[in-house]
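Visitor: The primary structure of each chain is shown beneath.
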Amino acid sequence: MVIQVCIGSSCHLKGSRSVILKLQELIQKHQLEDKISLSGSFCMGQCQKGVCLKLDEEIFSLSPDTTVEFFENEVLGRLG
Amino acid sequence: MLQGNIDIGTIKNEVLYEVAKLAFQGELEEKKDQLPFEMIPGPQANFRCCIYKEREIIRQRILLAQGKSPSSKKDDKNIVQVISSACEECPITRFVVTDNCQKCMGKRCQNACNFKAITMSRDRAYIDPSKCKECGKCAQACPYNAIADLMRPCKRSCPVDAISMDENGIVIIDEDKCISCGNCIRNCPFGAISDRSFLVDVINLLRSDIPVYAMVAPAVEGQFGAQVSTGILAEGIKELGFDGMFEVALGADFVAASESEEWYEAYQEGKKMTTSCCPAFVNMIRKHFPELTKNISTTISPMQATAKVVKALHPDAITVFIGPCIAKKSEVLDHITEGGTDYALTFDELNAMFRAKEIELSSFGQNMQQGSIFGKNFAVAGGVTASVLQALKEKGIQADIHVKGCNGAAECKKALMLLKAGKLPEDFLEGMSCEGGCVNGPGAVLSGRQAQLNRANVLKSVDDRAIYDTVHSYEDCNITMHRK
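Sequence lines, in order, name chains P and H. Each residue of the first sequence is one higher than the one before, starting from 228 at the first, in our numbering. Each residue of the second sequence is one higher than the one before, starting from 1056 at the first, in our numbering.
In case anyone wonders, no lab produced these hints; they're calculated from the structure. Small disclaimer: the values here were computed from a predicted structure and weren't measured. The beta-carbon is built from N, C-alpha and C at its ideal position, and this holds for glycine as well. Misleading hints may appear alongside valid ones.
Said to hold, decoys possible - Covered stretches of chain H (chain P as the covering partner; in silico rule of three or more C-beta atoms under 8 Å from a C-beta of chain P): (1) 1110-1123; (2) 1249-1256; (3) 1378-1390.
As the list claims (entries may be wrong) - Using 30 Å as the maximum straight-line C-alpha spacing, the simulated DSSO-like pairs for lysine-lysine come out as follows: (4) H/K1132 with P/K256; (5) P/K262 with H/K1087; (6) P/K256 with H/K1366; (7) H/K1158 with P/K262; (8) P/K249 with H/K1342; (9) P/K241 with H/K1086; (10) H/K1468 with H/K1188; (11) H/K1478 with H/K1232; (12) H/K1475 with P/K281; (13) H/K1327 with P/K262; (14) H/K1132 with P/K241; (15) H/K1076 with P/K249; (16) H/K1366 with H/K1132; (17) H/K1076 with P/K262; (18) H/K1515 with H/K1448; (19) P/K276 with H/K1366; (20) H/K1132 with P/K276; (21) P/K281 with H/K1132; (22) P/K262 with H/K1086; (23) P/K281 with H/K1087; (24) H/K1478 with H/K1349; (25) P/K262 with H/K1132; (26) P/K241 with H/K1327; (27) P/K281 with H/K1342; (28) H/K1210 with H/K1342; (29) P/K281 with H/K1448; (30) P/K249 with H/K1086; (31) H/K1475 with P/K262; (32) P/K241 with H/K1087; (33) P/K249 with H/K1132; (34) P/K241 with H/K1366.
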């Protein structure tokens, strides 16, 4: 599974680095390092929805506060 | 405005300049759609068939300058992107018989062809494109060199065969294969391939109140003139709004020290190892020789080491690498979880920022040096090896280590094939994707002889500090030098 987090300036100011850190912690906690690749991405062109995150070609709108919820519903949900 | 006899470099630089100017003024969103019309006012076309095509090329380049994909059809994550409107759809019939053909009696071309693709027309040989398998035997066989190999320049330049064409002859880059080396960008005669940029992102952050630090690559000396030392550059960079500048040569000293320990250990175990500082070389291993991934040194790159030093000194800082390299942008994206470098720019993008803010680099003067001459020489092919050997010497370690220096992507590929087959005689492999090293990188402002002369002049004033002098002076930063 590939997760890309937008690191454009707008998403950066809305906390993309915290989102990345949180996701990384969650991935480690669930020992999913081999199953998930987490990387940065250029601006996804949807700055008003930032922090933008792309999972399986679908764009999600996150904030540092909703990261855990996203991880549990979308990431763990999809991994089954 | 673009006028007269202009080349690809000018178009790229002018777009970066205009975009940087609007971004610094905070007017990019409002005025970017108008920019192609201002740059190409018409009615006369300057460099392509008509002003409409020219404006479309400018429009696509503006998207790239904002880090976006120039094509609306797909939005992949590749750094290197095709500017479809600029692609000339070069002829794809690879082997073509030229006027040099004497229609000789030997007919070696015909005999050399295993696919019966060659017949004799009225005054020369003819290759039937539907039968030709592009093996090239006919061209080799012709005693008059009459058969031209018209492989598209982009495709020819790609060391990893990542380039193909769509049904209309427009170039497609396979992102699973592309290593972001930038060879195709440099070699397309129509400027139809270019790289995405973090330029606008960095300018937006410079305009915010978050501290932003620049980290200039060891290739920097000589890029901005024979008199521009890193001290002068640092003042110019602060004028742009950065809070300060660091030399990546400083991180390179850390890398030389770390790799010397790593190499020595591997040498004693008889394990072969490769360098890890050139991101295009590392991409080549990961994507094309995955079984050799375990042989890559686990030492982080000089860019990441420098970023860790900067973040140890300034915990809230945003770190921006600035160098001659396009593949560094992919390193930033792929290693975002390491907490090191946040953005990467090229020297030509930095130059566009200087022009946009009307900063003259000659008007400042101060001395600054953070890395040793060995760290600075990471930018030249063979420099990494020399620095690692120097670090061993400084530690008083005697080892008869043999290193294969790979100068350019083709040599890298060849040596990796030998390593994969277990036939590489040397102990270590220094991989440099650009011929001559980073100093000839695709994002450089200046390359070739003038850049060399400038560099030699600037480096004259560098002192003789040792690699471990640098490492010891930043000891308090306590940085981890290995990838997780």
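Visitor: Has the given pair, P/K262 with H/K1087, been kept, meaning a C-alpha gap of at most 30 Å?
Guide: 41 Å, violated
Visitor: Holds or violated: are the alpha carbons of P/K276 and H/K1366 at most 30 Å from each other?
Guide: 29 Å, holds
Visitor: Between the alpha carbons of H/K1132 and P/K276, is the straight-line distance 30 Å or under?
Guide: 19 Å, holds
Visitor: Check the hint pairing P/K249 with H/K1342 against an upper bound of 30 Å on the C-alpha distance.
Guide: Holds. P/K249 to H/K1342 sits at ~28 Å (cutoff 30 Å).
Visitor: Does the alpha-carbon distance linking H/K1076 and P/K249 stay inside the 30 Å limit?
Guide: 36 Å, violated
Visitor: Is the hinted pair H/K1158 and P/K262 satisfied, with a Cα-Cα distance of at most 30 Å?
Guide: 62 Å, violated
Visitor: Run the distance test for P/K281 versus H/K1448: straight-line Cα separation, threshold 30 Å.
Guide: 48 Å, violated
Visitor: Please verify whether P/K241 and H/K1366 have alpha carbons no more than 30 Å apart.
Guide: Holds: P/K241 and H/K1366 sit about 20 Å apart, inside 30 Å.
Visitor: P/K281 and H/K1087: Cα distance at most 30 Å?
Guide: It holds: about 26 Å lies between the C-alpha atoms, which stays within 30 Å.
Visitor: Between H/K1475 and P/K281, is the straight-line Cα distance small enough, at 30 Å or below?
Guide: 35 Å, violated
Visitor: Starting from P/K262, check that the Cα of H/K1086 is at most 30 Å away, please.
Guide: 43 Å, violated
Visitor: Under the criterion that the straight-line Cα-Cα distance not exceed 30 Å, is the pair P/K256, H/K1366 satisfied?
Guide: Since the Cα atoms of P/K256 and H/K1366 sit roughly 25 Å apart, the hinted pair holds (cutoff 30 Å).
Of the numbered hints stated above, those contradicted by the structure are hints 5, 7, 12, 15, 17, 22, 26, 29 and 30, listed in ascending order.
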